[in-house]
Amino acid sequence: MNENTEIDKNKDKPAQTHKIGIYLWIWGLLFVLSFFSYMVDWYQFQGMLRWSLILFFMFLKAGLIMAFFMHLFWERYTLVNVLLWPMTAIACFVGLMVAEAKYTFFSRLIYFVLGG
Amino acid sequence: MSDSSLDNLPKGWKSVPSDLGSDQTAFKGVQWGKAMMWIFLLSDTFIFSCFLISYMKGRASTVVDWPNTSHVFSLDFMGVPVPLLLIAIMTFVLITSSGTMALAVKYGYEKNRKMCGHLILATAIGGLIFVGMQAFEWSKLIHEGVRPWSNPFGAGQFGSYFFMITGFHGTHVSIGVIFLFIFARKVYRGDFDTGRRGFFTTMKSDYVSIEILGLYWHFVDLVWVFIFAFFYLW
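Protein chains in written order, with our numbering: chain C, 577 to 692; chain F, 53 to 286.
If you're looking for bench data, these hints aren't it; they were derived computationally from the structure. Keep in mind that a hint or two might mislead.
[To be verified] Covered stretches of chain C, going by a simulated chain F footprint (3 or more residues, C-beta under 8 angstroms):
hint : region
1    : 605-616
2    : 641-651
3    : 661-669
4    : 673-685
Ideal Cβ placement from N, Cα and C applies to all residues, glycine included.
Please take these sequences and the hints and turn them into a complete structure.
Spelled out as structure tokens, the structure:
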């Protein structure tokens, strides 16, 4: 399909869009979730509770933005798969660097702090 | 947005092999510019991931205590130090601008030129406020003696990660703001209704451009979600 005919065809016909309510809902949810993640710091939660809450709110916010604001929820699976599978490579990289960081940390402890 | 020519094609998981094996366009119903923006954003995801992973590695491997971000980024409000106040306001400003952008995309597809233009302008102003607050935060920290190689609060790596990550994100916001102003002008002028050719690409376009611009802007907000969680809250 050539670009110009596509524009002419759609010229006077507004495309089918989603209802405004869904955007306002997501918007409101993002505000609430951001407020909650700020509260994690406000009440100074520590340890596993702090980290799991931070990650929970973060992934929820990221998911809502991608699914609805960036329309991934309505896209065909091919695009969604092409975009989401590469994230597993990032997850692997995180795992590798966690191991590397531990190794560096203990080396530093042994050579800098304990003196070898 | 929803294209009626796609109704006869397979849906769900069955659509993946049939779309990819159809010897034609793999991303059906996705305008080429939108596919290219998604691929660019994927590569940008890898860049930001590398920064954040490097930050994680640096922070986890230092034997010196990491600065307490709750204190470093606190702001005095009526004489009382409020932790992360500026960062919280920046987060809300960016989410607000993301919401106005989502609505701008919707009104663009409905050919509501005025509303679309107003909302893009509101998004651009939100972005400007964000960059302004970030400039304030940077100058405050530089005054307090934070440098890429040392700082008075703790581990020396803190400064370099802070300036690199927030600086790279701020650059993305600034570029987004420039494009938002350019596209607000295009929408107000009616470029996408008349099919006027772009000054740079010399191609005709329509309101799908607003969705592409929106993808970039939402991505900037998305990255901030991760920076907020890992750099400021963790």
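We went through each hint and held it up to the structure:
1. Evaluation of the coverage hint for the region 605-616 of chain C: fulfilled, as 6 residues show C-beta separations to chain F shorter than 8 angstroms, against a requirement of three.
2. Note: the region 641-651 of chain C has 8 residues with beta-carbon separation from chain F under 8 angstroms; the three-residue rule is met and the coverage holds.
3. Under a criterion of three residues with beta carbons nearer than 8 angstroms to beta carbons of chain F, the stated coverage of the region 661-669 of chain C is upheld, 4 such residues being counted.
4. For the region 673-685 of chain C, the stated coverage by chain F is satisfied: 9 residues place a CB nearer than 8 angstroms to a CB of that chain, which reaches the threshold of 3.
Hint check: no violations occur; every hint is consistent with the structure.
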